[in-house]
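Trainee: Please build the complete structure, drawing on both the sequences and the hints.
Line by line, the protein sequences are chains A and B.
For the first sequence, counting from 1, position 72 maps to 72 in the numbering used here; every step adds exactly one.
For the second sequence, counting from 1, position 533 maps to 533 in the numbering used here; every step adds exactly one.
Please keep in mind that the hints were generated in silico from the structure rather than gathered at the bench.
Fair warning: there could be bad hints in the mix.
[Stated by the list, open to error] With a straight-line cut-off of 27 Å between C-alpha atoms, the simulated DSSO-like cross-links for lysine-lysine are: (1) B:K615 / A:K20; (2) B:K615 / B:K490; (3) B:K199 / B:K228; (4) B:K331 / B:K234; (5) A:K89 / B:K615; (6) A:K81 / B:K611; (7) A:K81 / A:K29; (8) B:K512 / A:K81; (9) B:K314 / B:K283; (10) B:K440 / B:K512; (11) B:K512 / A:K50; (12) B:K512 / A:K20; (13) B:K348 / B:K680; (14) B:K611 / B:K331; (15) B:K490 / B:K611; (16) A:K13 / B:K611; (17) B:K615 / B:K331; (18) B:K611 / A:K29; (19) A:K24 / B:K331; (20) B:K440 / B:K464; (21) B:K611 / A:K89; (22) B:K199 / A:K24; (23) B:K228 / B:K169; (24) B:K440 / B:K30; (25) A:K50 / B:K490; (26) B:K641 / B:K680; (27) A:K81 / A:K24; (28) B:K348 / B:K635; (29) B:K615 / A:K24; (30) A:K13 / B:K615; (31) B:K543 / B:K464; (32) B:K490 / A:K13; (33) A:K20 / A:K81; (34) B:K615 / A:K81; (35) B:K283 / B:K387; (36) B:K332 / B:K348; (37) A:K89 / B:K331; (38) A:K29 / B:K615; (39) B:K615 / A:K50; (40) B:K332 / A:K24.
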Amino acid sequence: MCESFHQRMLERKIIVFTMKNCPKCPAAKMLAGEVADELGLELEEVDIEKNMITALQYNVASTPSIAVGDEVIVRGDLPTKTELREMIKRVLGC
Amino acid sequence: MKLQTAVGIRTSRNTIEPFDRSRIEESLVKETGVDRRVAEDIAVDVEETIKKLSLQFVSAPLVREIVNVKLLERGLEKERVNYTRLGLPVYDATVLIERGSRENANLQHNPETIHKLVADRVLKEYALLKCLPLRLADAHMRGEIHIHDLEYFATRPYCFQHDLRWFLKNGLKVDGTGENTAVAGPAKNAEVAVLHAAKALAAAQTNFAGGQGLDFFNVWLAPYLSGKSYQGIKQLAQMFIYEMSQMYVARGGQTVFSDIDIEYGVPSVVADLPAVLPGGIQKDSITYADFEDEAMAFARALTEVYLEGDYVGKPFFFPKPNYKLRRENFKKEGFDEFMVLVHQCVVKYGTPYFLNLLAGYLPDNVFAQCCRLVLSPDAQDWEDFAKGCMRTGSLQVVTINLPRIAYEAEGNDNRLFELIRDRMHMAREVIEIKAEIVRKRMEQGALPFLTQDVDGEPYYRVDKVVRSIGFVGLNEMLKAHTGEELHESKSAWRFGLEVIRYMMDIATEWSKDTGLRWVITQTPAESAAHRLATLDVREFGEKAVVQGDGSSGVVYYTNSSHCRVSADIPLFERLRIEGAFHPLCNGGMMAHVWMGESSPNPELMWELTRKIATKTLIGYWAYTKDMTYCRKCGKMEGGIKATCSYCGSEDVECYSRITGYYQRVNGWNDGKRRELMDRKRVSFS
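Mentor: Structure, rendered in C-alpha cells:
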C-alpha cells in the first residue's frame, strides 16, 4: 500500500539546509532561527554534504535552502527576514 | 602438394573454381596463425569430407564452416573464432528485407535501412567475437550488462555536442578532409550559416552512433540575423528545422538524431564573448550581447515553426528543442509571453524539452543532447568555450542490469553492493576497450570527421569525452531486494538513493584515479529494458520482478530510477521521488510527464513548468502528448487511437515519446509498446 510522503514529512518545523564553506549559510541559519523563535516553530539544520540523501529527499541540492515541513520555500538564496516570515506563514496558512 | 577434387567451389569473389585444398592451408596459416603442418592436415581432412558429400558444387562459406568443425575437433577454439565467418542466416536476411526490424523505432523499412540492418548484424557479431573478451561478451549476452550500440562498437563513438562557432569561423569540410567533397569557407550570410549548421550535424552523424547537438543555437547564429525582418528570420528557422527533419540520410536512412539548445536571448555566460560574424570575422568590440534582439527573435521564430508543425500538420521530431530555464530569464521582458508560446507547443505536440538551471546543481553552460545526455563542463571545457570550440560527448554507454543483481544478492545488502561494484568494473572494461578502438580508428583514418585539426588537437579527443555507466530497473531491484517499490515507502526510496549514490561515488573515484570523466547516466533503455527483463524471466523464473505481461512474455523493466510508469501516485510525488536522483546522475537524466491526449491551458502548463523548475530537482524533462494522425483525412488528434475520430478510417499512425524522443509507435519493440499501454497519464482537464 502506498504511503504518502507528504503526510509523513509535513511537520511544523523549519529546516535550514547548509554546508561547509557556504558563504550565506551562517546568515541563513541565524535568520531561520530568529523566525522560528518568533513563530514558535522548531528549527532543524541539515548539512547537505553529510546528509546528502536526506537533502535529496527534500529535493534540495543547493545552499542555503529553507523548508517548512516538506515544502522548500527558499532554494540557494538568502531572503530578507520579512520575506521569510511571509513565506512561512503562507505555507502554514496563518 | 596440390590435390584437386572434381567438385567446384562457388567463391565469395563470385566465381566458380575447382576445389584447391592449398587455399585452405594458406588461409588457415594467414588468418589463424596455426602451424603449416596442422593447416595441411586440416585441409586434407576437409577435402575428404567434401568428397564424401558427392556434390558437384559447394560454396566457399560451406567449406569454411567445415574447416571450423575440423578446428573445433582439434580443440582449436581460438583459431576457429579468428577463422569463422560473420553474417546471418538466409531466413533472417529475408525477414529484414521483407519486413524490417522494430529494434530501433527510428528505422523505417526502406532499402537503406535494410542495408544498415544487415550490416548491423555482421558488426554486432564482430564486436562480440573480436573486440570484446569472451567473459564481457557473455556478460552482455547473459544480461548482466547491456552494451549499447554494439553495431557501432568497432567503428564509432556514441554522441557529441558541437560548437557551431567553430564551423562558422572556419567553414565546413563535411568529409573531414575535403578530399571527397567540396570545401566551404566561413558562411558570409544567414542562409549559408543555417545550412552549414544542418550539414555539420549530418556530416558528424556519419562518424557517430548517437545524437548530435548544438548548444546556444539561436545565440551563435544571432549575428547573422542582423538587419533581417522577423519574417526573414522565421524563414531561416523553418529552413533549418525542415533540413534536419528531411535529410533522410544518416546511419542507413534515418534523419540525423539532433538537438538544439534554445536560449531566451543572450545569457550572461556568453554575453561578453567576441561574436563570430558573417565571413568568420571576430572583433573584440562586438560581442554576443550586441545581438540580444536577434537571439530572442530567432528563439521565437524557431518555437513558432515547431508549433505550426509540418505541411500536413504533423510535429517535427528532430531536431529536439531544449529550452534552458535560467533564473536571469525571469527578469527579462517578454519571458512569460515567450514561455506561453513554448507551452502552446507543449500542449499541441509535446515537442519541447526543458533543461532546469534553477534546480541549483547544474552549471551555467550545461547542455542537453541525444536522448538525455546532460553534460556539465569542467575547467578545460570552459577554456574551449572561451576559445570558441567547446566540444564533448559520450564515448560509450554500458548499462547495469540492477534487478539481476538483486536476484543474485538474495537479500544480502553487502552482496548487493559488491555485485554493483563488480558489474561497474565490467562496464568500465568495456568502455576502456572502446576508447582504444576509437583511438585506433582515428589513427587508421577511419573517423575522418573526428580527426580534423582544432588548434593542433583533433576535433575529437578521446580523453575529453565522458564514459557513461547507465542503469536500468532500480524500481524492480528495490522490489526484489526490499519488498517495496520506489514509490511505496520512504525507506525504499532512500535505499534506492544509496544505491545510485554508491554508483556515483565509484564513478567519481575512477575519475580522480584516471583523470578521465566517468559518469552515471539514466539509460534510455529503448531496447535494453525489454531485452534484460526477458533474459531475467528466462534465467530466474518467478523470482524475476518485471513489468508487463509475464504470460505472453512481453515484459520490461522500469527505466533507470523512474517510478513504475503505471504507479498510481500524484504527479508531484512522482517528480519529487525521481528528481532526488537527478543530481546523482551527472551523465544524464530525464523525467517524463505523460499528458496522454489532454490539451490543457498553455498558461497553466507554464505555471506547472515553473513549479517543477523551482520546487523539484528535476534537471531535464518533457511533457509527452500521445497523438494519432489519420492518413486518409490528414487530421491529427490527441491520444493513441485505432480509428480516426474525424472520418472513422483505420489508416492511422500513432506517435508518442518512446524514451527521449518521439517516434511512430508502429516501430516500437513489444516491451515499449506494452509500457505505452501501462503509462499512467496525468489528467490536466
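Trainee: Against each hint, give a clear statement of whether it holds in the structure.
Mentor: We went through each hint and held it up to the structure:
Restraint check: the Cα-Cα separation between K615 (chain B) and K20 (chain A) comes to about 23 Å, which is no more than 27 Å; the hinted pair holds. At most 27 Å may separate the alpha-carbon atoms for a hinted pair to count; K615 (chain B) and K490 (chain B) meet this at roughly 19 Å. Distance check on the hinted pair: K199 (chain B) and K228 (chain B) sit about 23 Å apart at the alpha-carbon level, within 27 Å; holds. With a CA separation close to 25 Å, the supplied pair K331 (chain B) and K234 (chain B) stays within the 27 Å bound.
Between the alpha carbons of K89 (chain A) and K615 (chain B) the distance comes to roughly 18 Å, so the proposed pair stays at or under 27 Å and holds. Taken as a hint, the K81 (chain A) and K611 (chain B) pair is honoured in the structure, with Cα atoms around 23 Å apart against an allowance of 27 Å. Restraint check for K81 (chain A) and K29 (chain A): satisfied, since their Cα atoms lie roughly 12 Å apart, inside the 27 Å limit. With a CA separation close to 42 Å, the supplied pair K512 (chain B) and K81 (chain A) exceeds the 27 Å bound.
For the given pair, K314 (chain B) sits about 42 Å from K283 (chain B) by alpha-carbon distance, which is inconsistent with the 27 Å threshold. Straight-line distance between C-alpha atoms of K440 (chain B) and K512 (chain B) comes to about 25 Å, which keeps the hinted pair within the 27 Å bound. The suggested pairing of K512 (chain B) with K50 (chain A) holds, with an alpha-carbon distance near 20 Å, which does not exceed 27 Å. About 22 Å separates the Cα atoms of K512 (chain B) and K20 (chain A), which keeps this hinted pair within 27 Å; it holds.
Between the alpha carbons of K348 (chain B) and K680 (chain B) the distance comes to roughly 19 Å, so the proposed pair stays at or under 27 Å and holds. Taking the CA atoms of K611 (chain B) and K331 (chain B), the gap is about 17 Å. The hint holds against a cut of 27 Å. Our distance criterion of 27 Å between C-alpha atoms is met by K490 (chain B) and K611 (chain B), whose separation comes to about 22 Å. For the suggested pair K13 (chain A) and K611 (chain B), the alpha carbons sit about 22 Å apart, so the restraint of at most 27 Å is met.
The suggested pairing of K615 (chain B) with K331 (chain B) holds, with an alpha-carbon distance near 19 Å, which does not exceed 27 Å. Straight-line distance between C-alpha atoms of K611 (chain B) and K29 (chain A) comes to about 25 Å, which keeps the hinted pair within the 27 Å bound. For the hint pairing K24 (chain A) with K331 (chain B), the CA-to-CA distance comes to about 23 Å; that is within 27 Å, so the pair holds. For the proposed pair K440 (chain B) and K464 (chain B), the alpha carbon gap of about 16 Å is at most 27 Å, so the pair holds.
Taking the CA atoms of K611 (chain B) and K89 (chain A), the gap is near 19 Å; set against the 27 Å cutoff, the hint holds. Only pairs whose Cα atoms come within 27 Å are accepted, and K199 (chain B) paired with K24 (chain A) is rejected, the gap being roughly 48 Å. For the proposed pair K228 (chain B) and K169 (chain B), the alpha carbon gap of about 21 Å is at most 27 Å, so the pair holds. The suggested pairing of K440 (chain B) with K30 (chain B) holds, with an alpha-carbon distance near 22 Å, which does not exceed 27 Å.
With a C-alpha separation of about 19 Å, the suggested pair K50 (chain A) and K490 (chain B) falls inside the 27 Å cut-off, and the hint holds. Between K641 (chain B) and K680 (chain B) the alpha-carbon distance is near 16 Å, which keeps this suggested pair within the 27 Å criterion. With a C-alpha separation of about 14 Å, the suggested pairing of K81 (chain A) with K24 (chain A) holds against the 27 Å cut-off. Taking the CA atoms of K348 (chain B) and K635 (chain B), the gap is near 13 Å; set against the 27 Å cutoff, the hint holds.
For a cut-off of 27 Å, the pair hint linking K615 (chain B) to K24 (chain A) stands: about 20 Å separates their Cα positions. Using a Cα cut-off of 27 Å, the hinted pair K13 (chain A) and K615 (chain B) holds, with the two alpha carbons roughly 18 Å apart. Between K543 (chain B) and K464 (chain B) the CA atoms are separated by roughly 42 Å; this puts the pair beyond 27 Å, and the hint is violated. Taking the CA atoms of K490 (chain B) and K13 (chain A), the gap is near 19 Å; set against the 27 Å cutoff, the hint holds.
The straight-line distance between the Cα atoms of K20 (chain A) and K81 (chain A) is roughly 23 Å, inside the 27 Å bound, and the hint therefore holds. Restraint check: the Cα-Cα separation between K615 (chain B) and K81 (chain A) comes to about 21 Å, which is no more than 27 Å; the hinted pair holds. Distance hint between K283 (chain B) and K387 (chain B) is fulfilled; the C-alpha atoms sit about 14 Å from each other, no more than 27 Å. Distance hint between K332 (chain B) and K348 (chain B) is fulfilled; the C-alpha atoms sit about 26 Å from each other, no more than 27 Å.
The straight-line distance between the Cα atoms of K89 (chain A) and K331 (chain B) is roughly 26 Å, inside the 27 Å bound, and the hint therefore holds. Distance restraint check for K29 (chain A) and K615 (chain B): the Cα-Cα separation of roughly 20 Å lies within the 27 Å cut-off, and the hinted pair is therefore satisfied. For the hint linking K615 (chain B) to K50 (chain A), the alpha-carbon distance of about 22 Å falls within 27 Å, and the restraint holds. For the given pair, K332 (chain B) sits about 26 Å from K24 (chain A) by alpha-carbon distance, which is consistent with the 27 Å threshold.
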